[in-house]
Amino acid sequence: MNPHTFEVVAEVLQQQFHVEPEKIAPDSSLQALGLDSLSLMEFVFAIEDRFELRIPEERLDPRQSQLTLTDLCAALDEGVANRPLPA
Amino acid sequence: MPRVCVTGYGVVAPIGCDIAAFDDALFGGRSAIEPFELRLPGSDPVRVPIARCRFDENATRTPSRVPADRGTAMALTSAASAAGAAGLEAGSVDPERLGVFWGSGMGGASTFEATCRQVYGESRRIRPTSVVTAMPNAPVAELALLFAARGAAIGFACACASAAVAIGEAMRALRDGRLDMAVVGGSDALLAPGVIGAWQAMRVLAPPGQDAAHACRPFAADRAGFALGEGAAAFVLETEAHARARGARWTCVLSGFATNCDGLHITQPDAAGQARAMAAALKDAGLAPVDIGHVNAHGTATSAGDAAEAQSLHQVFGAGGPAVTATKAVLGHLLGAGGAVELLAMLRALERRLAPPTGHAAALDPTFKIDLVQRDARPLAQLRHAMSNSFAFGGTNAVLIASRAD
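In order, the protein sequences belong to chains E and D.
Oh and the first sequence: position 86 is 402 in this note's numbering, straight run, nothing missing.
Oh and the second sequence: position 380 is 362 in this note's numbering, straight run, nothing missing.
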């Protein structure tokens, strides 16, 4: 996992969603962040906008209970790696 | 019938976001109105007057954690101040007996416009929280969450009378014994280009000219309309028994309320309907016209609006009537929040026994037979009861009367 990816995710969680820093760790499950389903959807939107990519739906359903922040970061890193190079 | 006490209030207004700053500008007659150049596709650029709050909605955390519409953020901020003054915290009173009554004229119109701009202009996705951010009852819902209220959470949308109706209906619920306590008020934050443009298209906004601060001149011979503003004011209301039991303090009570409608025209005001509403509010308060020492007029500075209100005031109070102030000259027109912020101005006048000035020096319309407090605040040593008028597009009239508690 790219440590920068996790830092950005943690920053968005704290600043936009007011999640307490102690709840934010790589192995935190999305469910344990204290966000309801609507806020989780909004969080994924915010992260996708921040990284300027879309995570495939089959890769990440934020309502799925066991997904962790590491899983989210892995999907983001993969998205960044696969992004087409500027022409 | 239980007395309804005002045990706390808070404000976010173009003239100030705390009571000290609000008072300074209000009683000093200092206008917050400034010019704004409106640029919209399909229209020539035009200068309009606006009254903007020095307020950062991004500093507000909503209890629901969804992004805050600017109006909702103002509602939360003003209500937090009111609750602080009243000593109200979530869980400190019986939640089943606590309600929220809130007015907003156009609710989350700014958020809705921003969403449309993102989708149609920038090809971006609609956010999952768009509905709950933009819905007209978003402020009510967030306030109910903030205070964990379970007794009522009702939004009122009747244009410029929204907040006055919300406050009056809460007063009725307290008098009827349905609730012990209510957080009430109104908010609107609609200084988005599309919304300003919609008001400009109605030709009700005053030309800002060289002196935008004095663009809105209620009851003047050369009145030319109002300035669109934004803001919120919140009050904690409670029955006297409840306030006494928890050791709360108050200086004013809400003593009368009436609302009716003209049922005649979508925008044209009706002096007879306004006069009936004022008379009904006086009856509700058990007061005679002569008891009212000060009126905060609706006073939009439109040609027809001021003419109707001058006529209805004269009809109700006759010659030698109360000291009338039209605070939209300094506040701007706060739409759904207007009735709340103007009630606050009226309560401050009652507490200080001082009528704020209307804040312009223009010659008054010679056909109006009202006693307008114009350039300087006027001491009113005998002031005990005051009235605040809110008359809306759509024909809703709402009149609140408050009295000193001493």
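Possibly wrong hints are sitting among the right ones.
Derived Cβ-Cβ restraints for the label pairs, each shown as a range [stated by the list, open to error]: (1) D:D26 to E:V328: 51 to 61 Å; (2) D:D388 to E:P337: 42 to 52 Å; (3) D:R185 to E:N318: 14 to 24 Å.
Some residues of chain E that are not near chain D, with every Cβ distance over 12 Å (derived) [as the list claims (entries may be wrong)]: (4) N318; (5) E327; (6) Q331; (7) G350; (8) S353; (9) A362.
Bear in mind the hints are in silico, worked out from the structure with no lab data behind them.
Glycine included, every Cβ here is placed at the ideal spot set by N, Cα and C.
In ascending order, which of the hints set out earlier in this document are inconsistent with the structure?
-> 1, 3, 6, 7, 8 and 9
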